[in-house]
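With the hints as your guide, set chain B onto chain A.
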Amino acid sequence: MPNVTPTPEQSVEPTAMSAMRKRVFGHYGIIIGGAILLLIFGMALFAPYLTNFHPILDQDLSNKMVPPMWHDGPKVNPVHPLGTDLQGRDYLTRLVHGAQISLLIGFAAMLISGVIGTTLGVAAGYFGGRVDMVVNYLITVRLSMPVILVALAVVSLVGSSLWIVIWVLGLLIWDRFAVVMRSTTLQVRNLDYVAAAQAAGCSKFRIIMTEIMPNIANHLIVVATLEMAHAILLEAALSFLGLGVQPPAPSWGLMISEGKGMMFFDPWLVGIPGAALFALILAINLLGDGIRDVTAPENRN
Amino acid sequence: MLKFALRRLGVAVLVALTVSLLTFSMIYLSGDPAMALAGETATQSDIENIRRVYGYDQPIIVQYLSWLGNALQGDLGRSHYLKTDVSEVIFARLPNTMILGGTAITFALLLAIPLGVVAAIRPNSIIDRIALTIAVIGQALPSFWFALILIFFLGITYRLLPITGTSSWMNFIMPSIALGYYVTPGVMRLTRAGMLEVLGSDYIRTAKAKGLRPVTVLFKHALRNAIIPVVSLAAVQFGFMLGGSIVIETIFAINGLGFLAWESIQRADLPMMQAIVLVLSIIYILITLLADMMNAWLDPRIRVN
Chain A
1 MPNVTPTPEQ
11 SVEPTAMSAM
21 RKRVFGHYGI
31 IIGGAILLLI
41 FGMALFAPYL
51 TNFHPILDQD
61 LSNKMVPPMW
71 HDGPKVNPVH
81 PLGTDLQGRD
91 YLTRLVHGAQ
101 ISLLIGFAAM
111 LISGVIGTTL
121 GVAAGYFGGR
131 VDMVVNYLIT
141 VRLSMPVILV
151 ALAVVSLVGS
161 SLWIVIWVLG
171 LLIWDRFAVV
181 MRSTTLQVRN
191 LDYVAAAQAA
201 GCSKFRIIMT
211 EIMPNIANHL
221 IVVATLEMAH
231 AILLEAALSF
241 LGLGVQPPAP
251 SWGLMISEGK
261 GMMFFDPWLV
271 GIPGAALFAL
281 ILAINLLGDG
291 IRDVTAPENR
301 N
Chain B
1 MLKFALRRLG
11 VAVLVALTVS
21 LLTFSMIYLS
31 GDPAMALAGE
41 TATQSDIENI
51 RRVYGYDQPI
61 IVQYLSWLGN
71 ALQGDLGRSH
81 YLKTDVSEVI
91 FARLPNTMIL
101 GGTAITFALL
111 LAIPLGVVAA
121 IRPNSIIDRI
131 ALTIAVIGQA
141 LPSFWFALIL
151 IFFLGITYRL
161 LPITGTSSWM
171 NFIMPSIALG
181 YYVTPGVMRL
191 TRAGMLEVLG
201 SDYIRTAKAK
211 GLRPVTVLFK
221 HALRNAIIPV
231 VSLAAVQFGF
241 MLGGSIVIET
251 IFAINGLGFL
261 AWESIQRADL
271 PMMQAIVLVL
281 SIIYILITLL
291 ADMMNAWLDP
301 RIRVN
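Residue numbers (our numbering), protein chains in the order written: chain A, 1 to 301; chain B, 1 to 305.
Okay, chain A solo, but in the shape it has when bound:
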């Protein structure tokens, strides 16, 4: 009888890494969401090299509202595949530059709110008692005030610029970070390895950074994707109402607002930036849902 030596693939159990890789690449949400997000990220990154026009300076009033290439008619021009807007600016150029604004605002506002919310939430969950009471109270106060309304009022009083919008949104949308980080920290705090670290004499800061944080990181990432999408939607709404990013910047919300007067004759003016916004939010949400499914399979329902 031949002596069978098992090949490594047969004998070794799948490692955590390879099992994870299999789950990630077998998840439709992650594949589709990741692909769309990568595409939009690429658009933003290489925006200046993708077209031959400038998003703001290249105005051509004799060539305004050229329809996109899938329309028929004498005005359709292959130089402007997505047409031009009311001031004759190339719509594709404005679209790819708009991706920069959405991604920057989404990411920066998410970072600000993430730092605030995670600090409050982890502190409340870890220390409990008075700290928990104060944080819960802050969360309740924050939730009582309507986000869009407060953001609009503050922006109208302070003045609107890209960075003001980022800071106002970042300071307003930390509530979900705080709520989720608080409850996950509560779950982790009483586990044995935290007790072991306490027994070993680790400082509280060290326990939080090396024992708690790594074990709530997957929840943190999921909330981060949700809040990034939330911030992008809020910026678009603010810009749509005229109090977010100011013209002539190519924000997608602003493009929808500028096009809505001509919606009946040229629906693509509203349709194209709206579809881009929808695709971006969809991609971020799919990715977030996917990360939740993959990192915590027991939470799937």
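Because the hints were derived from the structure by calculation, they are not lab data.
Remember, predicted model here, so these are calculated numbers, not experimental data.
Glycine residues also receive a C-beta, built at the ideal position from the N, C-alpha and C atoms.
Don't take every hint at face value.
Computed footprint of chain B on chain A, listed as stretches where at least three residues anywhere in the stretch have a Cβ under 8 Å from a Cβ of chain B [what the hints assert, rightly or not]:
1. 100-107
2. 117-128
3. 141-147
4. 228-238
5. 265-276
Okay, now just chain B, sitting in the frame of chain A:
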């Protein structure tokens, strides 16, 4: 129950006071409110005059307390632009916002709960997939863009529904769909998860074993318990909708608080903006207070904790 109710009420009052303080301090965001009010052409004596008339020369704590005292008596100040009492205008506009919020949350619940229940009865079926698709799309669809799409198809192309105003109930259909659709995913997911959990529990198996009709088990035993968290979510979402109605009301020109807020922002009418933020926050605090009380009454476990 009384102890729980009193403690919860205390928190609500404290939160309301904090919100009022934050709302009050909004006037100092723009720097000197008297200068902002006087405009660019005002002389120094004009500014001093305004400062005295509006009480901006008083210490801030005195200003806050007198503003709060007036607000408690229903006096929210005078509009800089309309030159009328703010509270009058607000209470004239409030009903439209409440109607819109009410119809929007009704639309969301009517769509979300049946879908959630069916999705839970037949997990991974076609209907579950459709429900999931609706949820994923609803979360990603910007409400103002969705509103424009509805206007384009239902309002302009097929002329089925009126686009602006509040003259008939037909005017509220499109705004309610646009506002309510965003809430649908959350409610549906919660209903589905709650039903799945309840349907797997022992007392449902007992009810089935007793030979009760499946419909009775489903509605009388399962849905009643699964719906409790949905009620609190719906209350919270209703509150959020009142604040979020600013976008939808502006698009459809519905004369509610949201549209008023947008107009007031355009007119730099600070007392009006403050009052709207305050009123909407207080309504939210009251709604969540009621929802918490109702939950504590329905589920004794909440009271103890």
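Now for the hints, and whether the structure bears them out:
no. : hint    : verdict
1   : 100-107 : violated (count 0)
2   : 117-128 : violated (count 0)
3   : 141-147 : holds (count 6)
4   : 228-238 : holds (count 4)
5   : 265-276 : holds (count 3)
The structure shown violates the earlier hints numbered 1 and 2.
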